[in-house]
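One line per chain: the protein sequences are A and B, in this order.
Numbered per my numbering, the first sequence finishes at 228, counting up by one with no gaps.
Numbered per my numbering, the second sequence finishes at 536, counting up by one with no gaps.
One should not assume that every hint holds.
If you anchor each label on the Cβ, the simulated ranges turn out as follows [said to hold, decoys possible]:
hint, chain 1, residue 1, chain 2, residue 2, range
1, B, M419, A, K176, 49 to 59 Å
2, A, D103, B, W424, 18 to 28 Å
3, A, D169, B, L470, 46 to 56 Å
4, A, P124, B, W332, 50 to 60 Å
Covered stretches of chain A, going by a simulated chain B footprint (3 or more residues, C-beta under 8 Å) [said to hold, decoys possible]:
hint, region
5, 37-49
6, 63-71
7, 104-111
8, 181-188
Keep in mind that the hints were calculated from the coordinates and are not lab data.
Cβ atoms here follow ideal geometry from the backbone N, Cα and C, with glycine treated the same way.
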Amino acid sequence: MKLGLVVDLDTCVGCHACGTACKQWNTSGTIGPLSDERPYEKDPSGSWLNRIRTYEVGDSPHSKTVNMPMSCMHCEDAACVTVCPTGASYKREEDGIVLIDQDKCMGCNLCSWACPYGARELDPSSGTMKKCTLCVDRIYDEQLPEAERQPACVLTCPTSSRVFGDFDDPDSEVSKLTRERAGQQLMPELGYNPVNTYLPPRNPKQQDQIKVSAMQGVKQLVNRIINR
Amino acid sequence: MHPAFSVLIFTVTSGAGYGLLAWLGAGQLLGYTQAQTTDQEIVLGVIAMVLVSIGLLSSTMHLANPKNAWRSFSRFRTSWLSREAVFAIVLYPVAALYAAAIFWQWSCINWLAGLSIVLALITLFSTSMIYASLKTIRQWNTPMVPALFMAYALSSGGLLFLAVSGLFGAFNTTLLSTVLGLVLITFALKMVYFFWQGKPQGATIQTATGFSQASVRLLDAGHSAPTFLNREFGYQIAADKLLRLRIVMTIVAFVMPLVIFYFVLQGSAVELLSVAWLMMMAGLLIERWLFFAEARHVVRLYHGDQRT
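Work the whole structure out from these sequences, hints included.
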C-alpha cells in the first residue's frame, strides 16, 4: 500500500478547515499534545501539521488565486528518515506512512532541515518533532464507522478538495484523479518522490463564438444601413 | 538558516581540536615532534581533546530533548549525524591510548598515532557531511563543504600546534611554511565558494508550487505570527551587512594570520603565532555564522522567495 492524499487546487477555497481539524484531532492523538506557546497573546506560536498558503499565479488580469494546503507528503524516498540519528523517524513498510517515535526523538532538528516541504515542526513543550500521521489512529480504527476511517482533514473539507487513498491501487479514486487530472508532485527535482499529489486548476471552458446565420447577417446589415 | 550559537562553537572548536590531534599524530609519523619533550606532546594532546570536548558538549546544547541523545549512536548505517557521534566517541579511548604510548614509550605508538589521525579526519568529514548531504539547501549541498571543513580544521589545528610549540620554544620553520601553504589553500577555497554561491541555481517558486509556466507570488502565508518554519529557515540578513561581515571574516580569519606568518618568517617573536591563532578562531566563528545565515532552505520558496 502507498497511502497518501490528493489535493485539488481547482476547488480548494483556502478556508483552513483542514488545518484546524488536523490540530483538533491530533492534539489528542497518538503523538501527544500539539502544544502552543502564548496562544491568547499577540504572537502565538506552536506546532501545526498542515499549513495553507495562498498564491497569485499568472499576471493580472489573467491571474488566478490558488490556495495550497501542505502537510507531510509521505515521500517514497524520505530524506527525513535517512538523516535521523536516533531511529525515531521511520517509514512504515506496510502502508508507507512516515511517523516519528516520540519516545526516541532527541530534538536535533536535522529531519526538519532535510524536509523540503516544511512538514516537520518542533513541539515547544516536549522538545520532539511532530508531523502529519495521516491520522494513522483514525484510518485503522475499527470502532469508527467505515466512512469515517479517513484523515480528519479529508473528512472536514467542505469542498471535497482532499481525497485519501492508496496510490498503489490503479483503480482507487486517488489514482484515477491523478491520471485524469494530470496530478503532479511538488519540487520533483529533489528526487524525494512525494506521494501526495496536487491537481492543477482546470482551464475555464472557452465560450463558443455565437454563430450568425446568413439571413440574420443580411438583416443586421440592412438595420445598420437604415440607422444611418 | 538560523545560526544556532551552540553549533557554531561546536564546529569551530572541535574542528581545531581534531586538526591539532591530526598534526600531532602526523608529527609522530613524520618525525617533526622530536623537538618536543614527552610532556609537551602530552600537553598538546590534552589541549586537542579539551577543545574537542568543549565542542561536543556545546553541540548537545542545541538538542531540544537531550535525554534521548544516547540513541544517536543507533543509526550508523544511514545517518551522518549518527556516524559523527560514533566516531567522536571511539576517538576518546584511542587518544587516551596514544597519550599512554607517548608517556611510556610503547613500541606501537606509530599505529596509535596513525589511528588517531584517521579517526580525527573521519569525524570531521562526518560533521561536514551532515550539512553537505542536505539536498534542501543548495549552498551546503556541494563537495566544497567537506573540503572546506577539513581545510579549516587543519589550518586552525596546525596554527595552534605552531603557537603552542612556539611557547615551548620547540619551533620548526619547515612546519611553519607547510601550515602557511595550507592557510593559503583554505583562503583560496573559501573565495571560490563565495563566487560559486552567488550563481543562481536550484529550485524556484515555480517548481515548488508546480506552476512551471507562470509567475507565482505569495498572497498570504497563512499565519499571523512567526512559526517554527520562519524561525528556523526564514533567517534574513541585509545584503550590505552580509558584505561587511564577509570582508571582516576574510581579514580576521585569513589576511591577518598570514601577515603574522610573514613577520614570524622575517624573524619576529614566535609568540605572535598565539595571536594569529586567536584571530583565526574568531574569524572562523564569523565564517560559520555566515555559513548558516547565507544558507537558504527551499521551504522559503513556499513563504514567498522566488528562488533559493
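Results of checking the hints against the structure:
1. B:M419 x A:K176: 49 to 59 Å: holds, 55 Å
2. A:D103 x B:W424: 18 to 28 Å: The hint (18 to 28 Å, Cβ to Cβ) is violated, given that D103 of chain A and W424 of chain B are roughly 42 Å apart.
3. A:D169 x B:L470: 46 to 56 Å: holds, 51 Å
4. A:P124 x B:W332: 50 to 60 Å: holds, 52 Å
5. 37-49: Since 6 is at least three, the answer is holds.
6. 63-71: Contact hint for the region 63-71 of chain A vs chain B: holds, 4 residues under 8 Å.
7. 104-111: holds (count 7)
8. 181-188: As far as the region 181-188 of chain A goes, the hint holds, because 5 residues have Cβ atoms under 8 Å from chain B.
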